[in-house]
Amino acid sequence: MSNTKREFSVVGKRIPKLDAAQKAMGRAAYIQDIKLPQMLYGKILYSKYASANIIKIDTSKARALPGVHAVLTGEDVPEKMKMGFIKDNPPIKKGKVSCFRDEVAAVAAISPEIAKKALDLIEVEYEELEGIFDPERAMEKDSPLVHDHLKSNVLKMPWDIHYGDVEKAEKESAFVVEDRFTTTWVTHCCMGTSGAVALFDASENLTIYTNTQIPSLAQKDFLEALKAMGLKNKRVRVIKPTIGGGFGSKLDTYAYEHIAILLAYACRKPVKMVFDRVEEFKATSTRQPTIIYIKQGCDKTGKLTFRDMRMVLDNGGHTSWGATTPSVMLMPISSLYTVKNVKYTAKCVYTNNTYSQAMRGYGNPQATFAIESSIDMLAEKAGIDRIEFRKINKNHAGEETPQGLKITSCGLAECIESVEKELDFKDKSEKGVGTGIASLIHVGGGARIYGSDGCGAILKMDDYGKVDIFTGGTDMGQGLDNITAQIVAEELGLLAEDINVVHSDTDICPWDVGAHASRSTFVAGNAALGAAKKVKKKIQDFASKLFETPAEEIELKDKMVFVTGNPEKNMPIGKLLRKAHFSPGGNMLMAEHFYDPDNQNMGKELKGNMSMTYSFGAHGAKVKVDEETGKVEVLEYVAAHDVGRAINPLLLEGQVYGGVVMGLGYALTEEVTVANGEIMNANFRDYKLFTAKDAVKIKAPVIETDDKDGPFGAKGIGEPGCVPTAPAIANAIYNAVGVRIKDLPITPEKILAALKEKNG
Amino acid sequence: MKPFTYLSPTTVEEAISFYGQHSETAKFMAGGTDVIVKVKEGWMEPDFLISLKRIKEMSELHKNEATKELSIGALVTHATLEKSLMIKNEYPIIYDAVSNIGSLQVRNVGTIGGNLINAVPSADGAVPMIALDGVALLHGPDGERSSDVKDLFLAPYKTILKPGEILKKITIPAQAPHTGSAYTKFGRRAAMELPLVGIGVLLTLDDDLETCTRARIVLGVAGPTPMRAFDAENYLVGKKINEDLLIEAGKLAADESKVRDSVRGKAWHRREMVRVHVKRMGLKCMNIIRANN
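Just so you know, the sequences run in chain order A and B.
Counting in the numbering used here, the first sequence runs from 1 upward without gaps.
Counting in the numbering used here, the second sequence runs from 1 upward without gaps.
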């Protein structure tokens, strides 16, 4: 059903974030604000070395410190308590540490200060081992092993993919370009640092307050943790406080959560663990760093013939979700622009560096940086205008890509045209000024990573026309509360303020896979819409009896129920609901809905339509490069996205602005500096996150393609803002001063060095 | 954070006597943008914090119209200097330096005295004070003494101040006519940024508006303490200034600088930035002088 011509009352309105006032007035309760009776404070002792054997740990002095309730080491962790998707990482290590962030002990005490003091009193004797920090070196046969029980540092992972015939296509290509690109560690920089409060009741059921984007999966992880602790058939309740930013960082359960559980159990008191900023930098996971080899070709007319990519990923000391990013990288590699022959291999290699996690875009920004830089190079080699080249190869609705992605709606061409309209690509008037463009594809209709890609919603209406909707979805600041409220309000003829969105408690809210893959608007939105439709049907049925009119002729709008074409037959919704409630054989207005999109898990063949629909975008940048200093100033930025439909343009723009600024940091300034495994810039002084003063003015044209499966036509747009930013900037720099920087971030040093080399 | 007793004297004498009572267990504090951070992080653990904020005379910014001497109380905030039209018009190098320190919030409480006494190689505030031949007035248990600002620094975080001594104010002698001055911070970000290098240039020209009679080229983060590039200064004095001369001065200053590699930036690039920005600030000085005539 097409919604294009439909008039909306609430959808499409610029309604400010529902909890904005609460946050602005300091009343929102973050994990830092949670305080429970008898609560203790936990702290973690980390490794002193990147690679070492733990010879001895003496905790006696720490235990003797007044106020200390428990001290745990790796010996106290149940054998089966492991984290990470291959469950290879115990929350406290014993025997060997393989990176600086490895946990070696933890304490609980009556104050954070005493807990910190206790850490200083723990004596650990290490035997330092030779570390390995370069993943390409770690792949060599004579490299030291990060994990002794494994025969190689290379993980057993499946990415060795060949669609079509790349060798043949290369031979037949008129133009071929080949290069190497690298991307480095960057981190989420959530303003709210990580933390959890764990407590057990008298029956040993666990309640945990924690910053998570995956309440249902976290509940499962914690149940397994309890099982490992010998606590079988217990309950786990996950409560999310207000979350100060997610960006993918909260898509796994972490050592600090498991340690909080262990400490709470050991002390039989609530235990709170909250990271300080240094810890947030050092002990949370980064974006996956990559070394990318890319080769692409086209025919004489500029049509892409093949794409061949090989990647080496630094897996760090342990395996977290970062190791699965190649699966998402496969999406742009196989499907950004139409290309039939695709080859892709990726190897994740253990090193003694930090390890990576999901981060906004989940591998897509890394892959797109290489692809879109290389596309520019190929267009130049073929002598075709870079924008024309992209139009020649644009994706289109109805296309099935080599990976099996089925493109239903596609506004890529409109996005490119919109960027062209907003940014003057021909302007070469000023020295050092240049323009660049880059496109993106991303999942926009869920992503079947697990067996289910579903989300549940429960909706109930009270006697006054107010709605409580309990969603499995998570709001971590991105705006799912508004999206849910606006979708429900639209369907039920109410105002957004009539809808109370509850998304914070696994005891109350139904199941959901998690707030990842830009899926919440699409999947949680469809779940909410499904529940709202069921309740609407009930209202229509009841009103139909009351007005003696067929149910399909009952309309809900402006908090009124009325008969189509006969508006004087009407009643305020609240009044109708009270009648429903108080009449004999009374009715309760409640419904539940579980939405699981009809997308496919890629399986072993790594083929399949992972999402119901795909979001597209094109970014254009105009930069000025100071040729004496290498410094880049972003003069103009346009980020056009095909979003299906903007449920709330205000929040949508916020997502795009935030994504672009994150992408600009990735392009130009952000880097976790790692020296022999040690993070050297664990603070906001030296980790160059863009400040408000650095932010540039961004135009964010919205292309609405009205997706047939999206709620009111909407597709996901959480991640795309930061996907093609780095290549758009890199391409603009090349256009400005003729040097191509292939390693992120593009610092003034790198540009100046390249300029000096070019100019001799 | 270790708890401390907060003392707030209203006169310099009282502040010094507080220090006399508590000696090493006490620490002076001006705006607190460095000290409070250090205390919170546990890098500094005083039992007593002696806040100088309520000492009125230390917050005065005053230009003596007769002698043309500028007096800047140590507690004058960066924001006060930034917002003063007199500073902006007559001492542009001060304006350039203080208007990009930290953020608006930091500048509202951070002080010029604190910036100097903290004695980091990257102190933006130190460069203009040295370029303007500023003199620091110190007051301690043994009375008053003064020092050129350029001689204030011994090493990172280390000044010539003796225990219990306070920096009361900085005086800037009358500026000769046909003087222009400018500062730039080269960094990666537009705010909350320490300079990779900070470059200040001051030029005084003869009545011909060409011949240089005085030059000050001051570099931040180019060594353990803020430093003057004497070779470059001497090269310019007595010559008719043009762009080529300023390019040469930039080269000399770059050679003199003791920049080094760090996590924040490479030495070769910092040296390049000294070279480029000495020229640019020199040109800016020339423009200022010509615009004022």
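Check before you lean on any hint, since a few could be wrong.
[Stated by the list, open to error] Listed below are the simulated BS3-like cross-link pairs for lysine-lysine, each with C-alpha atoms no more than 25 Å apart in a straight line:
1) K38(B) with K756(A)
2) K391(A) with K699(A)
3) K40(B) with K742(A)
4) K258(B) with K631(A)
5) K27(B) with K750(A)
6) K258(B) with K756(A)
7) K251(B) with K117(A)
8) K117(A) with K40(B)
9) K168(A) with K35(A)
10) K40(B) with K750(A)
11) K756(A) with K40(B)
12) K35(A) with K258(B)
13) K27(B) with K117(A)
14) K269(A) with K340(A)
To be clear, the hints were calculated from the coordinates, so they are not data collected in a lab.
Tell me the hint numbers this structure goes against, listed in increasing order. 1, 3, 5, 7, 9, 10, 11, 12 and 14
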